[in-house]
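S.K.: Protein chains in written order, with numbering that gives the first Met the number 0: chain A, 0 to 356; chain B, 0 to 128.
Treat the hints with caution; some may be incorrect.
Capping the alpha-carbon separation at 30 angstroms, the derived lysine-lysine pairs in BS3-like fashion look like this [claimed, not checked]:
1) K59(B) with K202(A)
2) K59(B) with K44(A)
3) K233(A) with K108(B)
4) K284(A) with K233(A)
5) K108(B) with K284(A)
6) K44(A) with K97(B)
7) K202(A) with K15(B)
It should be emphasised that the hints constitute simulated quantities derived from the structure, not laboratory data.
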Amino acid sequence: MSTIVPFGPQHPVLPEPIQLRLALDDERIVSVLPVVGYVHRGLEKLAEQKDFVQDSYLVERVCGICSFMHSMSYCMGIEEMMEITVPERANYLRVVWAELHRIHSHLLALGLLADAFGFENLFMQLWRTRERIMDAMEYTTGGRVMLNACCIGGVRRDINDEQKAFVLNQLKEAEAELKRLIPVMTDDYSVKKRLVGIGILDKAAAYAAGAVGPTARGSGHAMDHRTTGYIAYKNLDFEPVVETSCDSYARTLVRCREVYQSIDLVRQALDKMPDTEIKVAYKGKPCGEVAIRCEQPRGEVLYYLKGNGTDHLDRMRVRTPTFANIPALMTMLNGSQLADVGMIVLSVDPCISCTER
Amino acid sequence: MMTVNETITLEDQIAKIAALIPQGYRLVTMTSVDCGEHFDIYYHFDRNYELHNLKLELPKGTALPSISSVCPCAFVIENEMQDLFGITISGMELDFCKHFILNEDAPEKPFCRVPGVAVSTVEVKGEQK
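Make the full structure from the sequences, and use the hints.
M.R.: Shown next, in the form of structure tokens:
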């Protein structure tokens with residue numbers, strides 16, 4: 000007979016509420032039941048009450064970590080529906096802020112992971128470096144979390160030469176700091192003991208479970224929606240970061256390497272940014288259906304939008320990456336040891352705010 | 000704009016979806032839209048970054064067969080849909096019985112439209128665009 004142990008909704012390694020009901024045979028997990036709904040906000044329904052311009056602010060509140068990417072995905076959907084061509088400079092600026100978000104999201108996740116396995120010094124150092132990125136976002140948009148920089152037809156703010164120099168300097172400093180910190184995360188004996196071979200999700204299981212983002216890429220799938228070339232990614236040079244050991248360590252390595260990749264992408268975008276307008280005016284109301292996807296820090300997000308030619312959308316559906324990664328997490332946990340649950344959960348970088356949109 | 004690649008029915012739903020899995024399609028998500036007398040159910044699949052969308056028109060009050068037998072990861076999406084739209088989904092591998100997201104004392108099918116009530120525009124007109 001198995002013992003049921005509730006993991007969460009309040010747990011030291013979980014910054015947000017989710018419960019995993021773990022059925023144990025001794026200390027081995029034999030089945031997992033996810034329990035969500037503690038903080039569900041019904042934002043998809045609220046989006047029908049607000050008009051389509053207000054929704055661009057609303058969707059930014061889906062998540063406090065990838066807020067800009069939510070508004071960007073939504074705006075891309077409306078722009079496709081209304082056949083709005085965004086100026087090239089706006090596309091590059093979107094890349095800059097999206098990649099700054101990815102850097103701070105990954106550093107947040109790596110810091111939380113370090114904190115969870117008891118390496119508090121590493122956690123604090125990673126988050127100190129993350130502050131540089133938050134400062135860069137604040138200096139360019141005025142907001143650290145909610146940038147409100149994306150709008151339908153482009154972006155609301157431009158980056159001048161002084162701001163560009165500030166961002167580049169922050170990236171230079173952050174990169175120098177990370178070159179000391181990341182090797183600790185990837186090479187330290189005690190860190191490896193907690194992550195290597197833990198939470199295995201093999202390649203076929205990852206695909207069948209619908210895993211996305213670093214969770215899929217850590218299992219050998221070169222699945223990165225940025226390679227489709229939306230906004231300005233088509234003009235930037237990068238390859239998806241893939242690891243093949245399929246464990247918590249692989250997922251952590253993917254994030255570590257993607258931080259450097261994102262630093263490079265911001266530099267490329269700032270360097271190649273053309274001198275054009277940053278937004279275009281538009282007329283009319285959205286009508287029709289679109290399904291648009293973007294690559295967020297935790298993976299692919301899908302926005303389904305249905306417009307009816309009025310101010311209000313008939314339906315807005317958001318499939319966030321953490322929601323897609325729940326079945327993958329269950330696969331990883333089955334057969335694992337109770338003591339590894341915290342590491343495995345954090346290796347997925349769950350965002351309950353996204354899940355409970 | 001989104002392309003509906005195939006329109007499916009309750010009779011051929013499982014067979015059509017089961018045929019996609021060996022071809023390498025991955026279930027991205029499902030979307031339900033309240034259209035008054037019926038729900039539009041969309042199944043979004045992906046292969047090589049191309050979306051393949053299937054549409055099913057489900058009359059209200061009719062149970063929707065679960066696809067979790069062929070796509071095990073669908074159970075989270077189906078349970079969410081069952082909670083928020085009150086659609087009964089039959090044969091789920093893991094059925095939370097309409098309490099995946101909602102509590103026992105929560106309002107039923109909160110995402111459904113209330114018949115005869117249009118979207119209120121009173122609130123939004125007072126706000127800044």
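S.K.: A separate judgement is required for each hint: does it hold in the structure or not?
M.R.: So, going through the hints one by one against the coordinates:
1. K59(B) with K202(A): It is violated: about 39 angstroms lies between the C-alpha atoms, which goes past 30 angstroms.
2. K59(B) with K44(A): holds (19 angstroms)
3. K233(A) with K108(B): Violated, because 42 angstroms separates the two Cα atoms, which is more than 30 angstroms.
4. K284(A) with K233(A): Answer holds: K284(A) to K233(A) is near 29 angstroms, not above 30 angstroms.
5. K108(B) with K284(A): holds (28 angstroms)
6. K44(A) with K97(B): holds (18 angstroms)
7. K202(A) with K15(B): Roughly 25 angstroms between the alpha carbons, so the hint for K202(A) and K15(B) holds.
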